[in-house]
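A.B. asks: Assemble chain B onto chain A, guided by the hints.
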Amino acid sequence: MTEQRSLVCLENIHKRFGELHVLKGIDLDIDAGGVVVLIGPSGSGKSTLLRTINLLEEPTEGRVIFDGVEITDIRADVNRVRTEIGIVFQQFNLFPHKTVLGNITLALRKVLKLSEAESVERAQQELKHVGLEHKDDAYPGQLSGGQQQRVAIARALAMRPKLMLFDEVTSALDPELVKEVLDTMKHLADEGMTMVVVTHEMGFAREVGSRLLVMDDGRIVEDGVPREVFENPEQERTKSFLEHVL
Amino acid sequence: MRSRTDRLNKWFAEQTALSLGIAALGAVALAIGLVGTLAFLWSEGLTPSTELVETAVSQTQGAILWTSIALGAAALSGFVLYKRAPTKAAREATISGAALGVQAILFSLAFLVFRTGEKFPIFVRQFFSFEVLSEFRNQFVTGAKNTVILAAGGEAVGIVLGLIFSLLILSSRRVVRAPARAYINLFRGTPLLVQIMVGYFGIVLGLGLDITGSIVVIVILGLNAGAYTAEVFRAGIQSLERGQMEAARSLGMSYGKAMRYVVLPQAIRRVIPPLTNEFVILIKDTSLVFVIGLTFQQRELLAVGRDAFAETFNSTPFMAAAALYLVVTLPMIRLVTYLENRLRSGLVGVAA
Chain A
3 MTEQRSLVCL
13 ENIHKRFGEL
23 HVLKGIDLDI
33 DAGGVVVLIG
43 PSGSGKSTLL
53 RTINLLEEPT
63 EGRVIFDGVE
73 ITDIRADVNR
83 VRTEIGIVFQ
93 QFNLFPHKTV
103 LGNITLALRK
113 VLKLSEAESV
123 ERAQQELKHV
133 GLEHKDDAYP
143 GQLSGGQQQR
153 VAIARALAMR
163 PKLMLFDEVT
173 SALDPELVKE
183 VLDTMKHLAD
193 EGMTMVVVTH
203 EMGFAREVGS
213 RLLVMDDGRI
223 VEDGVPREVF
233 ENPEQERTKS
243 FLEHVL
Chain B
819 MRSRTDRLNK
829 WFAEQTALSL
839 GIAALGAVAL
849 AIGLVGTLAF
859 LWSEGLTPST
869 ELVETAVSQT
879 QGAILWTSIA
889 LGAAALSGFV
899 LYKRAPTKAA
909 REATISGAAL
919 GVQAILFSLA
929 FLVFRTGEKF
939 PIFVRQFFSF
949 EVLSEFRNQF
959 VTGAKNTVIL
969 AAGGEAVGIV
979 LGLIFSLLIL
989 SSRRVVRAPA
999 RAYINLFRGT
1009 PLLVQIMVGY
1019 FGIVLGLGLD
1029 ITGSIVVIVI
1039 LGLNAGAYTA
1049 EVFRAGIQSL
1059 ERGQMEAARS
1069 LGMSYGKAMR
1079 YVVLPQAIRR
1089 VIPPLTNEFV
1099 ILIKDTSLVF
1109 VIGLTFQQRE
1119 LLAVGRDAFA
1129 ETFNSTPFMA
1139 AAALYLVVTL
1149 PMIRLVTYLE
1159 NRLRSGLVGV
1169 AA
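Residue numbers (this note's numbering), protein chains in the order written: chain A, 3 to 248; chain B, 819 to 1170.
Mixed in with the good hints there might be a few duds.
[Stated by the list, open to error] Away from chain B, derived, C-beta distances all over 12 angstroms, residues of chain A:
hint, residue
1, His16
2, Val24
3, Lys26
4, Leu57
5, Lys100
6, Glu178
[What the hints assert, rightly or not] As a list, the in silico BS3-like pairs of lysine-lysine whose alpha-carbon atoms are at most 27 angstroms apart:
hint, chain 1, residue 1, chain 2, residue 2
7, A, Lys130, A, Lys100
8, B, Lys1075, A, Lys100
9, B, Lys1075, A, Lys115
No lab work stands behind these hints, which were simulated from the structure alone.
Glycine included, C-beta positions come from ideal geometry on N, C-alpha and C.
In isolation and in its complexed conformation, chain A is listed as follows (with noise of 0.2 angstroms):
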């Protein structure tokens, strides 16, 4: 039952918190390649979904199935599932006790075993491809919110992931440095990155999603290419949503 050729498939999946039912039953298949955007209204349910394909959520009920290993199955080894997952998070969540290079090579030689020759050499590697080469000594706390988000970005990218998460990354920027991450993005997904991107940046997703999802109250309402779910949306609450953001 489980698709090869999907990447990520998830099925039936329900989160509650207590008494609050945050996933009504999700079943999504995510192919390799493209841009899957997912917006809708606070709450709705996005960030817990996009927190679920790694596990940082456990659904309460329902298969979660990455590159065709069940890793909800208790024998699954998600520490190594999650080394092919990467994301990025509002907060950054950058270690602010080590530089620039050390938050990047931190896992590359604690969990994937690197040398620290071949960990040094990677991070300043994806350190170049978001553009900040230079900063590799720096202290997170000596950087803006933007350089912050690109090293958290460059941090996931030196695990080699197969899939990338992007929680509301630039909710927590200033409107001046929305556009610099937004640029890394998009530069990433013309290489071909498999990206998940939870966002409020509806330019983005028209521009740079292959696949816009609108989720409402737990539920996926709308699936489709962006500009058709943008210009045609299938419910009503769609329609009254997206009047409101755009």
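C.D. replies: Here is chain B on its own, set in the frame of chain A:
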């Protein structure tokens, strides 16, 4: 350094002759009262105590105190002029001078009256018989050394236990949490004195175990400190943003690796000031172990002081013990303040 001299120069530039005069008057008044008195007593000889009493009640000492009072009163009266000071710095200097003047008056007046008391000679003999101390000098040095050894040993045990138990009480599993919580509650909820007595008299002596007293003490102090330290570490770990653990886990680190490489290094930095504070308390808590009667060479400060008191019926050894505790604890207290300021200034642990 440069900015400090700059600030000093600026301060001087804003002063007037009057404000400087009042500040100087207050400072001199207090200096004559305090330093002058001590220097005079010192120069006339601190021992024997009968002579110390004579010096203290002498006319020269009276003259010193009256001088201090007179200068202090002059500084205080300058206070009425403070509104004439043209700058903020000058006003502050006037007020400082007046405050110093008040302190000089209070100290000198108190001493002036106190020395006329009927029991003054007995008081001096009881608390300031420095001749008694010379006899116990080496014992006090050993005592201070032992106090530091007991405190450092207890702290070492306490930090290891505290770290382990802080991780245990943060476990999501109740069966792991419950016994750790029980240990912490037991040692935080009962007096250290009781723990020392149960541990030494009850367990070691009662069961006839052959363990050196100071080792027993280090273990008991360590168990006690461990309970408090566990709570300090727990607070430190919980003060970190949840995102730190999530970021580490999302990079494929196990819970243990995330703790070791990401959470603990930050948490430990944050708890260094409260941990140092715990250590200061532990240093003072070592004084409780005098109850078990350690051997002559193992005695800590208070035991030395108490034995010396028993031998001489003089309280000066207690004063000496108190002074030596201060010698050990004051630098630690300064260190806590320094570390707290450094943490606050954001040199460590600025979260994204």
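A.B. asks: Hint by hint, note whether the structure agrees.
C.D. replies: Here's how the hints hold up against the structure:
no.: 1; hint: His16; result: holds, 21 angstroms
no.: 2; hint: Val24; result: holds, 17 angstroms
no.: 3; hint: Lys26; result: holds, 24 angstroms
no.: 4; hint: Leu57; result: violated, 9 angstroms
no.: 5; hint: Lys100; result: violated, 8 angstroms
no.: 6; hint: Glu178; result: holds, 18 angstroms
no.: 7; hint: A:Lys130 to A:Lys100; result: holds, 19 angstroms
no.: 8; hint: B:Lys1075 to A:Lys100; result: holds, 15 angstroms
no.: 9; hint: B:Lys1075 to A:Lys115; result: holds, 13 angstroms
Checked against the numbered hints above, the structure breaks hints 4, 5 and satisfies the rest.
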